[in-house]
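Novice: Read off the chains here:
Number of protein chains: 2
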Amino acid sequence: MYAYSRLYNFTVGIFTKIGCNAKDAALAAEVLLSADIRGVDSHGVARLSGYVRLWEAGRINANPQIKIVHETPSTAVVDGDAGLGLVVAPFAMQVAIEKAKVAGTGWVAVRNSNHYGIAGYHAMMALQHDMIGMSMTNASALVAPTFSVEKMLGTNPIAVAIPAQEQPPFVADFATTTAANGKLEILQRKQASAPIGWVQDKAGHASSNANELKQGGSLLPLGSDREHGSHKGYALGSIVDIFSAVLSGASYGPWAPPFPAYVPMPENMPGQGLGHFFGAMRVDAFRPADEFKSHMDNWITRFRKAKPSEGYEKVLIPGDPEREMEAARRKDGIPVVAAVTEDLQQLAQKFGIEL
Amino acid sequence: MYAYSRLYNFTVGIFTKIGCNAKDAALAAEVLLSADIRGVDSHGVARLSGYVRLWEAGRINANPQIKIVHETPSTAVVDGDAGLGLVVAPFAMQVAIEKAKVAGTGWVAVRNSNHYGIAGYHAMMALQHDMIGMSMTNASALVAPTFSVEKMLGTNPIAVAIPAQEQPPFVADFATTTAANGKLEILQRKQASAPIGWVQDKAGHASSNANELKQGGSLLPLGSDREHGSHKGYALGSIVDIFSAVLSGASYGPWAPPFPAYVPMPENMPGQGLGHFFGAMRVDAFRPADEFKSHMDNWITRFRKAKPSEGYEKVLIPGDPEREMEAARRKDGIPVVAAVTEDLQQLAQKFGIEL
Numbered sequence: 001m002y003a004y005s006r007l008y009n010f011t012v013g014i015f016t017k018i019g020c021n022a023k024d025a026a027l028a029a030e031v032l033l034s035a036d037i038r039g040v041d042s043h044g045v046a047r048l049s050g051y052v053r054l055w056e057a058g059r060i061n062a063n064p065q066i067k068i069v070h071e072t073p074s075t076a077v078v079d080g081d082a083g084l085g086l087v088v089a090p091f092a093m094q095v096a097i098e099k100a101k102v103a104g105t106g107w108v109a110v111r112n113s114n115h116y117g118i119a120g121y122h123a124m125m126a127l128q129h130d131m132i133g134m135s136m137t138n139a140s141a142l143v144a145p146t147f148s149v150e151k152m153l154g155t156n157p158i159a160v161a162i163p164a165q166e167q168p169p170f171v172a173d174f175a176t177t178t179a180a181n182g183k184l185e186i187l188q189r190k191q192a193s194a195p196i197g198w199v200q201d202k203a204g205h206a207s208s209n210a211n212e213l214k215q216g217g218s219l220l221p222l223g224s225d226r227e228h229g230s231h232k233g234y235a236l237g238s239i240v241d242i243f244s245a246v247l248s249g250a251s252y253g254p255w256a257p258p259f260p261a262y263v264p265m266p267e268n269m270p271g272q273g274l275g276h277f278f279g280a281m282r283v284d285a286f287r288p289a290d291e292f293k294s295h296m297d298n299w300i301t302r303f304r305k306a307k308p309s310e311g312y313e314k315v316l317i318p319g320d321p322e323r324e325m326e327a328a329r330r331k332d333g334i335p336v337v338a339a340v341t342e343d344l345q346q347l348a349q350k351f352g353i354e355l
Numbered sequence: 001m002y003a004y005s006r007l008y009n010f011t012v013g014i015f016t017k018i019g020c021n022a023k024d025a026a027l028a029a030e031v032l033l034s035a036d037i038r039g040v041d042s043h044g045v046a047r048l049s050g051y052v053r054l055w056e057a058g059r060i061n062a063n064p065q066i067k068i069v070h071e072t073p074s075t076a077v078v079d080g081d082a083g084l085g086l087v088v089a090p091f092a093m094q095v096a097i098e099k100a101k102v103a104g105t106g107w108v109a110v111r112n113s114n115h116y117g118i119a120g121y122h123a124m125m126a127l128q129h130d131m132i133g134m135s136m137t138n139a140s141a142l143v144a145p146t147f148s149v150e151k152m153l154g155t156n157p158i159a160v161a162i163p164a165q166e167q168p169p170f171v172a173d174f175a176t177t178t179a180a181n182g183k184l185e186i187l188q189r190k191q192a193s194a195p196i197g198w199v200q201d202k203a204g205h206a207s208s209n210a211n212e213l214k215q216g217g218s219l220l221p222l223g224s225d226r227e228h229g230s231h232k233g234y235a236l237g238s239i240v241d242i243f244s245a246v247l248s249g250a251s252y253g254p255w256a257p258p259f260p261a262y263v264p265m266p267e268n269m270p271g272q273g274l275g276h277f278f279g280a281m282r283v284d285a286f287r288p289a290d291e292f293k294s295h296m297d298n299w300i301t302r303f304r305k306a307k308p309s310e311g312y313e314k315v316l317i318p319g320d321p322e323r324e325m326e327a328a329r330r331k332d333g334i335p336v337v338a339a340v341t342e343d344l345q346q347l348a349q350k351f352g353i354e355l
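Chains Z and D, in that order, give the protein sequences. So for the first sequence, the working numbering puts the first residue at 1; every next one is plus one. So for the second sequence, the working numbering puts the first residue at 1; every next one is plus one.
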């Protein structure tokens with residue numbers, strides 16, 4: 001178990017060592033650790049060494065000149081200058097929020113960025129302004145379209161955060177695949193098999209091998225197969241790719257830059273870096289904020305009271321599990337698995353920082 | 001087989017008989033039949049008698065005063081005055097398009113409406129303006145959240161239409177459930193069983209009974225069960241419900257007004273009628289339109305060339321099946337099943353119009 005502050009200080013230290021200024025290092029650490037604190041262990045400190053390797057490979061610019069390259073009253077395109085997505089994304093989301101203050105809504109597409117941590121962090125930035133926040137990103141291709149065996153899309157997550165009054169906010173944050181890659185990695189470590197519907201083998205047959213991706217297989221879009229609506233998951237992942245990367249001028253589809261630094265960059269990339277897409281909608285651009293938020297309370301309360309299935313205690317609202325996890329981990333600390341601890345210790349040694 | 005024009009003239013006639021003016025009757029017929037022509041048979045003339053029954057029950061106003069009740073530079077709320085959704089929705093989408101011309105994007109929430117046909121029709125209105133179109137609506141509750149047996153959400157579809165240059169547009173249009181209710185109705189007529197994952201029984205157990213909904217069962221969110229990501233489908237359906245109905249002031253969740261006129265209206269409705277949500281984004285609010293559209297051509301061409309799975313010929317782009325269906329049906333006519341023909345003949349007799 002690690003206290004949040006211990007992991008936070010260490011992470012700030014690492015980002016400082018690779019050349020981030022103090023403000024960026026603090027922000028990047030906060031965004032990265034929002035994954036660990038909310039229980040999305042695959043996207044937090046477990047990835048810190050991956051970011052460092054991307055920096056070592058010259059694929060991350062620790063001192064980016066992030067700028068708006070095009071705008072209208074309700075839109076902007078941001079060029080991340082190959083910076084950490086953990087820093088580029090909050091900049092862009094803030095632009096969306098400022099646009100929304102004036103125009104009612106703000107929509108920002110980002111190019112030339114890198115992995116941005118959990119989608120939910122950025123969407124949730126809107127909540128304190130009584131806005132609905134949206135966040136999505138493309139990512140390295142691991143997912144095959146329906147009827148295909150070729151990895152064409154990333155796990156391309158979507159997050160939507162909606163404020164309420166007395167109730168906690170509604171926060172959905174999910175990969176557009178049946179299961180996120182992080183869940184497969186957990187099964188790999190346990191040497192367990194995967195449920196049918198998560199992955200397919202290289203011929204396109206259903207598989208329960210959690211290591212299938214290393215053998216030419218691919219992740220499946222939400223819905224798993226055509227009969228269960230995988231064409232809808234494929235459409236959702238495609239929309240995320242197009243909004244994040246085609247609108248912005250980033251590299252899309254199978255050309256999205258890979259997260260592992262040892263994987264060569266795709267040839268003939270049609271755009272720059274990874275892409276993100278953010279939205280902010282002022283709720284009072286539609287109806288008075290108090291009215292909206294009190295109806296959200298009513299919505300949430302009613303859904304919590306929906307009759308549970310046999311064997312289940314209660315119905316959850318999107319965001320409930322992560323919020324409960326956050327409360328527990330702020331109190332008790334964050335568990336870090338042995339492989340990640342070792343990773344962090346290697347970083348500590350390399351940069352001469354104590355963990 | 002019916003020629004499009006024959007069904008169109010008949011449908012215009014019926015809408016005129018219930019009191020729509022000539023322009024509204026023509027528009028409503030065009031929107032309704034866009035379902036039949038694109039192969040979404042459950043949402044076209046098969047529903048015409050349902051609309052008439054809602055009008056007979058006093059739940060549809062054939063001469064609505066549709067109006068904007070609130071607006072900002074990029075948003076509006078439209079009150080449909082209990083009009084046909086088939087007429088209210090194109091009005092609202094047009095408002096979104098006009099907003100986008102000035103502000104870059106336009107976002108319109110609609111209350112006090114009724115069923116609006118296929119979501120895709122409205123989203124596709126944006127294409128001719130070099131805009132991305134979005135459309136969603138809430139609907140009568142048939143779907144249980146993950147871990148629940150209570151019908152809390154409609155099949156709540158999402159449509160996104162994205163223009164390309166030489167290639168046909170990308171048009172995704174899908175219910176946020178594993179299978180749309182129309183697919184179950186087809187199985188019911190055939191007395192066939194449903195794939196596991198489409199419905200659950202009243203205790204929450206997986207079922208293959210296509211008639212399960214009549215016995216207290218419910219439709220399942222996209223993903224089917226927790227292990228296969230049904231919490232994501234539940235989140236998507238919830239987002240559609242909140243954007244369409246809580247933002248606008250319509251009636252949400254289990255309080256959404258039912259489509260069958262014999263079902264009593266819910267008690268203590270928290271808003272007025274059904275809700276929709278529309279978006280229009282000018283692509284040149286992000287990058288030059290020609291540049292965007294030529295990258296969409298590249299995206300589409302690359303995805304079409306993705307390696308197919310064993311036994312499959314090709315990978316489809318969202319919108320391909322419907323467009324191919326439309327070409328065939330414009331040429332060969334629209335097949336109408338016996339039950340629907342009978343329905344139309346009864347309408348013909350009742351209103352003294354020839355089919």
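Hints are not guaranteed to be accurate.
So, partial list: chain Z residues that the calculated Cβ filter (under 7 Å) puts toward chain D [claimed, not checked]:
#1 Gln-65
#2 Ile-68
#3 Ala-103
#4 Leu-222
#5 Gly-223
#6 Trp-299
#7 Lys-307
#8 Pro-318
Using C-beta positions, here's what the derived DEER-type ranges look like [what the hints assert, rightly or not]:
#9 Val-263(D) - Tyr-4(Z): 38 to 44 Å
#10 Glu-310(Z) - Glu-185(D): 43 to 49 Å
#11 Asn-9(Z) - Glu-98(D): 35 to 41 Å
Simulated crosslink set (DMTMM-like; lysine to aspartate or glutamate; CA at most 20 Å straight-line) [what the hints assert, rightly or not]:
#12 Lys-307(D) - Asp-201(Z)
#13 Lys-307(Z) - Glu-212(D)
#14 Lys-305(D) - Asp-201(D)
#15 Lys-190(Z) - Glu-313(Z)
#16 Lys-202(D) - Glu-185(Z)
#17 Lys-307(D) - Glu-310(Z)
#18 Lys-190(Z) - Glu-227(D)
#19 Lys-307(D) - Glu-267(Z)
#20 Lys-307(Z) - Glu-166(D)
#21 Lys-331(D) - Glu-342(D)
#22 Lys-190(D) - Glu-342(D)
#23 Lys-202(D) - Glu-310(Z)
#24 Lys-67(D) - Asp-284(Z)
#25 Lys-67(Z) - Asp-284(D)
#26 Lys-190(Z) - Glu-212(Z)
Just so you know, these hints were derived from the structure itself, not from any lab. Quick reminder that beta carbons are idealized off the backbone N, C-alpha and C, glycines included.
Novice: So, for every hint listed, does it hold in this structure?
Specialist: For each hint, the structure was consulted:
no., hint, result
1, Gln-65, "violated (20 Å)"
2, Ile-68, "violated (12 Å)"
3, Ala-103, "holds (5 Å)"
4, Leu-222, "holds (5 Å)"
5, Gly-223, "holds (6 Å)"
6, Trp-299, "holds (6 Å)"
7, Lys-307, "holds (4 Å)"
8, Pro-318, "holds (5 Å)"
9, Val-263(D) - Tyr-4(Z): 38 to 44 Å, "violated (51 Å)"
10, Glu-310(Z) - Glu-185(D): 43 to 49 Å, "violated (27 Å)"
11, Asn-9(Z) - Glu-98(D): 35 to 41 Å, "violated (52 Å)"
12, Lys-307(D) - Asp-201(Z), "holds (13 Å)"
13, Lys-307(Z) - Glu-212(D), "holds (17 Å)"
14, Lys-305(D) - Asp-201(D), "violated (41 Å)"
15, Lys-190(Z) - Glu-313(Z), "violated (28 Å)"
16, Lys-202(D) - Glu-185(Z), "violated (35 Å)"
17, Lys-307(D) - Glu-310(Z), "violated (43 Å)"
18, Lys-190(Z) - Glu-227(D), "holds (17 Å)"
19, Lys-307(D) - Glu-267(Z), "holds (18 Å)"
20, Lys-307(Z) - Glu-166(D), "violated (51 Å)"
21, Lys-331(D) - Glu-342(D), "violated (24 Å)"
22, Lys-190(D) - Glu-342(D), "holds (17 Å)"
23, Lys-202(D) - Glu-310(Z), "holds (9 Å)"
24, Lys-67(D) - Asp-284(Z), "holds (18 Å)"
25, Lys-67(Z) - Asp-284(D), "holds (18 Å)"
26, Lys-190(Z) - Glu-212(Z), "holds (15 Å)"
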